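In the working numbering, the protein residues as written are 1 to 208.
By construction, these hints were calculated from the structure, which means they are not laboratory data.
This one's a predicted model, so the numbers in the text were calculated from it and none came from an experiment.
C-beta atoms are modelled at their ideal positions from N, C-alpha and C, and glycine is treated no differently.
One thing to keep in mind: the hints can contain errors.
[Unchecked claim] Here are the computed distance ranges between Cβ atoms for each label pair:
| id | residue 1 | residue 2 | range |
| --- | --- | --- | --- |
| 1 | Arg18 | Glu53 | 49 to 55 Å |
| 2 | Asn185 | Asp30 | 43 to 49 Å |
| 3 | Asp46 | Met199 | 24 to 30 Å |
| 4 | Asn58 | Gln21 | 52 to 58 Å |
| 5 | Gln23 | Pro193 | 43 to 49 Å |
| 6 | Thr139 | Ser40 | 18 to 24 Å |
[Unchecked claim] Computed list of lysine-lysine pairs in DSSO-like fashion (alpha-carbon distance at most 30 Å, straight line):
| id | residue 1 | residue 2 |
| --- | --- | --- |
| 7 | Lys43 | Lys147 |
| 8 | Lys16 | Lys43 |
| 9 | Lys190 | Lys170 |
| 10 | Lys190 | Lys43 |
| 11 | Lys5 | Lys16 |
| 12 | Lys5 | Lys15 |
| 13 | Lys190 | Lys147 |
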Amino acid sequence: MIDAKHIAALEAWLKKTRDDQNQLIVRLRDTENEADQLRSQIKALDEIAQQAESMIDNLIVSLRPGGRGGSKVSATSDEAIPQPEISPETFIKEQSPMPPREVRHPAASGTIAYFNRPQIVRSNRMEPISHRFADRTITQACTLLLKEAGIPLHVNDLYNLLVAGGMEFKGNNPTISVAVSLNRNRRFRKVGPGTFDLMMREASQAAS
1 MIDAKHIAAL
11 EAWLKKTRDD
21 QNQLIVRLRD
31 TENEADQLRS
41 QIKALDEIAQ
51 QAESMIDNLI
61 VSLRPGGRGG
71 SKVSATSDEA
81 IPQPEISPET
91 FIKEQSPMPP
101 REVRHPAASG
111 TIAYFNRPQI
121 VRSNRMEPIS
131 HRFADRTITQ
141 ACTLLLKEAG
151 IPLHVNDLYN
161 LLVAGGMEFK
171 GNNPTISVAV
181 SLNRNRRFRK
191 VGPGTFDLMM
201 REASQAAS
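All chains, full assembly: derive it from the sequences and hints.
Here's what the structure looks like:
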């Protein structure tokens with residue numbers, strides 16, 4: 001005979017079943033959000049890899065006899081050939097956390113492209129001449145540099161100035177790290193391939 005105790009036990013079992021179900025639903029949503037974030041990062045890294053491959057192909061062509069470069073490149077030169085400046089680990093680490101269900105894939109217009117600017121080359125022997133940026137973030141230091149310059153600057157120029165100001169970079173790929181930081185910050189706007197300016201400068205010019 002079914003009594004109140006049996007009904008209470010069934011209700012308790014039903015409640016536990018629903019609770020377990022809801023927990024699994026939450027876990028599923030979290031997993032989907034994480035998957036979307038990983039897809040976004042994979043897509044951005046793929047764009048960077050494609051740029052690196054294109055640059056390598058262009059350099060190989062230019063180094064061949066009769067290639068577009070028209071000149072030989074010394075392997076012992078003090079100046080390094082511009083190269084992609086971020087590792088997958090560094091890029092993924094710098095991605096800001098994405099809110100649940102608000103994941104957005106990077107637009108094509110946000111691609112970081114600055115490999116076709118050969119006139120600015122990083123020196124492997126660059127040494128800091130001051131320590132003004134030693135305790136500042138990339139965006140803080142770049143804000144000061146762009147204010148002082150009064151004009152847009154390329155990420156290679158900014159990187160050289162940051163190093164000269166005592167900022168230290170970990171890893172072998174700092175300039176893309178600079179570009180990624182500026183590209184994510186609303187304080188800056190991209191005015192050309194790898195070239196950035198301050199948003200406030202654009203606003204002040206429009207007001208005048």
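Results for each hint:
no.: 1; hint: Arg18 / Glu53: 49 to 55 Å; result: holds, 52 Å
no.: 2; hint: Asn185 / Asp30: 43 to 49 Å; result: violated, 27 Å
no.: 3; hint: Asp46 / Met199: 24 to 30 Å; result: holds, 29 Å
no.: 4; hint: Asn58 / Gln21: 52 to 58 Å; result: holds, 56 Å
no.: 5; hint: Gln23 / Pro193: 43 to 49 Å; result: holds, 48 Å
no.: 6; hint: Thr139 / Ser40: 18 to 24 Å; result: holds, 21 Å
no.: 7; hint: Lys43 / Lys147; result: violated, 33 Å
no.: 8; hint: Lys16 / Lys43; result: violated, 41 Å
no.: 9; hint: Lys190 / Lys170; result: holds, 24 Å
no.: 10; hint: Lys190 / Lys43; result: holds, 20 Å
no.: 11; hint: Lys5 / Lys16; result: holds, 17 Å
no.: 12; hint: Lys5 / Lys15; result: holds, 15 Å
no.: 13; hint: Lys190 / Lys147; result: holds, 15 Å
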